[in-house]
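Trainee: Listed below are the residues making up each chain.
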Amino acid sequence: MQTDHANEGHLHPLTSLSRKIVTIFTDLGFEVASGPEMETEEYNFDKLNVPKDHPSRDMQDTFWIKDKPGIVLRTHTSPVQVRFMENHKPPLRIITLGRVFRNEATDATHEAQFSQLEGLAVGTDITLANLKATLETFFAKLFEKEINVRFRPSFFPFVEPGVEVDMECFSCSGKGCSLCKQTGWIEMMGAGMVHPAVLEAAGVDSKTYQGFAFGVGLERIAMAVFQIPDLRYFYSGDLRFIHQF
Amino acid sequence: MLISRNILQTFFDKPLPDAREIARELTMKSFEVEGVEKVGSDYILNVDILPNRASDCLSHYGVAREVALVCALDLKELNTSSLVAEKDSESLPITIEPDTAYRFIAVSLSELDNTIESPEWLKTALRALGERSVSPIVDITNYVMLVTGQPLHAYDADKLKRLSKEAKPSFHVGFAELDETVRTLDGQDHILEEATLLIRTAPEGEILGLAGIKGGEATAVDERTKRIVLEAATFNRTLVRKSAQSTKIHTSASKRFENGIPPELARVGIEYALVLLKDLFPSNVIEALNDNYLEKSDAFLIELDAEHVSRLLGISIEKTEQVTLLEKLGCEVEEKGSVLNVAPPWYRPDLKRDVDLVEEIGRLSGYSAIQAESLTSLPLSLSEEVKRKELLRDVLTEKGYSEIITRSFREDGDVELENPLAKNTPFLRTNLLGGIEDALKFNSQHAELLELEYVRLFEIGTVFTHEKESVRLAIGIQKTKNARTKISLQKEFEELRQEIHELYQASLKNHLSGSVEKDGMLMEEYTLDTIDFSTKDFSLADSSDSFGTFKQFSVYPYILRDIAVWTPEGTTAETVESHIRNNLSNELQVVTLFDRFEKEIEGSKKVSYAFRLVFQSFEKTLSDEEINIQMSALEKAFSAISGYEVR
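Quick note, the sequences are listed as chains V and Y, same order.
Take the first sequence: its letter number 164 is residue 164 in our numbering, and every next letter is one higher.
Take the second sequence: its letter number 269 is residue 269 in our numbering, and every next letter is one higher.
For the record, the hints were derived by calculation from the structure and aren't laboratory data.
Built from N, CA and C at the ideal position, the CB exists for glycine as well.
Heads up, some of the hints might be wrong.
Straight-line Cα separation of at most 27 Å, DSSO-like style, residue types lysine-lysine; simulated pairs [said to hold, decoys possible]:
id : chain 1 : residue 1 : chain 2 : residue 2
1  : V       : LYS52     : Y       : LYS319
2  : Y       : LYS399    : V       : LYS20
3  : Y       : LYS319    : Y       : LYS352
4  : V       : LYS175    : Y       : LYS29
Label-pair distances were calculated between CB atoms; the ranges are [claimed, not checked]:
id : chain 1 : residue 1 : chain 2 : residue 2 : range
5  : Y       : SER554    : V       : THR109    : 46 to 52 Å
6  : V       : PRO229    : Y       : GLU635    : 35 to 41 Å
7  : V       : CYS177    : Y       : ASP113    : 55 to 61 Å
Construct all of the structure, not just a fragment, from the sequences and the given hints.
Mentor: In structure tokens form, the structure reads like this:
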């Protein structure tokens, strides 16, 4: 007969996913770093090559704190890059998982708060080719199959070159299906080579060191991995959802 | 930015590839084309221009340059009439306050006729790009901006003269004073803040418009306009941005100025407009021209180490190839050993550092050439700190607690947002208990469906108080109407704390930050920042498992029925359950055995089983009648089995 205590609790799917991500990146030599969710404008923007009064600030709609000028809810986990580099000498490899905030209307694929996975590798010889291999390894381990990655030109102020990363559709292996809108590719994240201005702002010699960085919504990965159609389930606190994982 | 394939075609002698092909090439080598739409005989590309390319590519000619590069086609020069660089400051005086603008060109024209309709080609082009045709003069200024990226403004010259004591047009770029007002072209009045960028007459100081944003009504061209002054300026991008923000007027012009357009473009815009005006009004006369160019930007050189390109991209690109690509972009390149001295073309102000050139070389030679190359191996094991914290989650789930993650925004708190998304949740949470309580109540409503007697939840998350941001753990338990077992909630928490104490040698009680006890509900919250998570002996649940996939659950309410049945000795619960499942529809979602006992009835041993049944449809709200019919059928089926009797 069923007893109540026989019910085991369930981890949130974002936790299960985070654990797997941490395991994958630990094997690749990345350590886990973290930082505050409430940030200064300086760390959230200026030190990341997003100057005041520049249209690139409009790329991330920002929540400001009342009566605290210059304080924001971090719009990305990238400030952790700067904070970590200020306190650690390269070579370094880190990932960050944490909550971020954007002042955007919510729907099935947008939340005003979501989680981000950020990666950073800095050394004397880190290249875009290393980024490609790192992401291919990451996706292969996550989806348990070989997955190709392609880069397209894009713009994020804190990287140069900046790229948009597409992964080959895990569902149809690039043949084209409804999930990838018949393109064979799924847009996953922004990435690129760390902008020398960002290295300099963090006190790293940009003549000697270079590195890659990437950032992706954790929910976006989770929606692909668990085939979840609506982002809002993650924050619903609904056990009909959580007990499935 | 909407881009018309037909307009692009005018810049090429050879036929362009079809719109989808252009979209593909641009997406892989320049910027993302989000969609292609057929409009009449034209195809409109929706190109996503990000701030790095807004200086040159919020324009058809700028995108045409990219098309020429990625489709390997020869681009024609823009058809402009070259003007003699006059500086007639006598009939068209222009004054500029320091740093408000870098260039201001004004041309006065007469013998125009704004009563005619715009030519069909112009109306069609504007319509395809989602713009309204207003009048030939206004249409031409809009079209010039869409083609060249340079915003233009046309003033009615006679109205300008009427504002001036000397009866001649004059321009002064400067700032507003607090609470000055301006009536813009659309008839709206705006009360201005200090430092709003304005164009005025000089010396009278009559306001002519919001510089770089929108013109004023007083000098607007209308159908009686015969003479105009055409303005092409380069305003300070930061000041235009601030003015647009303070007036809350964001226009196609202000967007371009904010992103920074080169002063050279002002001349291109004027000269292109003059060609179009001459076509439409062949007898028009240029009365005067004043080109006030304060600050000619010096040509500057970027030093690019050719080896740095390969060092960043991880592919080898020959120096000669790099030079070829840069020259195709319009750069002037001088080789000095392995160093290239590169002068970017005037229309690419975004090219400032060597890495900007690396990106250009990388994208044009094709990122697909980059072969994945693994990082050097750097063995690392999972940090103890991470593992120990994760262990807490394992302990809690093992005890039946499920993890929730809830939103940071709440109705009340210590820290308030300046610009909340929802008016009813303007605060950041000061604790996790509110989220836990909401979820306990919500999930209690589904207790039978979830087969839970008690809802047990926990959350680990960040909270914000006056003092600081900190990480907390909240646990909560709620008795449900489905509860048959009686337990002490306090005792359960005590045992849980004890277990955690043994694991970490840390007493949660010392870190208690909040606790709530209500009818059948108990919640506690602890501050985790200060807990020492060191523990000697532990193992973390394996995270190498494959992931399951989500199944949509029904959003309709469910209906409960209990059924108890006598069965002959030796009958198993599984047998009874399979009878239940076989005799009911697939609306039966959950079957829970909640009671079993044996009894001698009339000399033979009987076993009683009691089940709770949960019915739920994916299509509709079920009615009691529908379920009653199903239950009668089940009871009938049981009665037909020898030795069974519904109690």
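Trainee: Looking at the structure, which of the earlier hints fail to hold?
Mentor: 1 and 5
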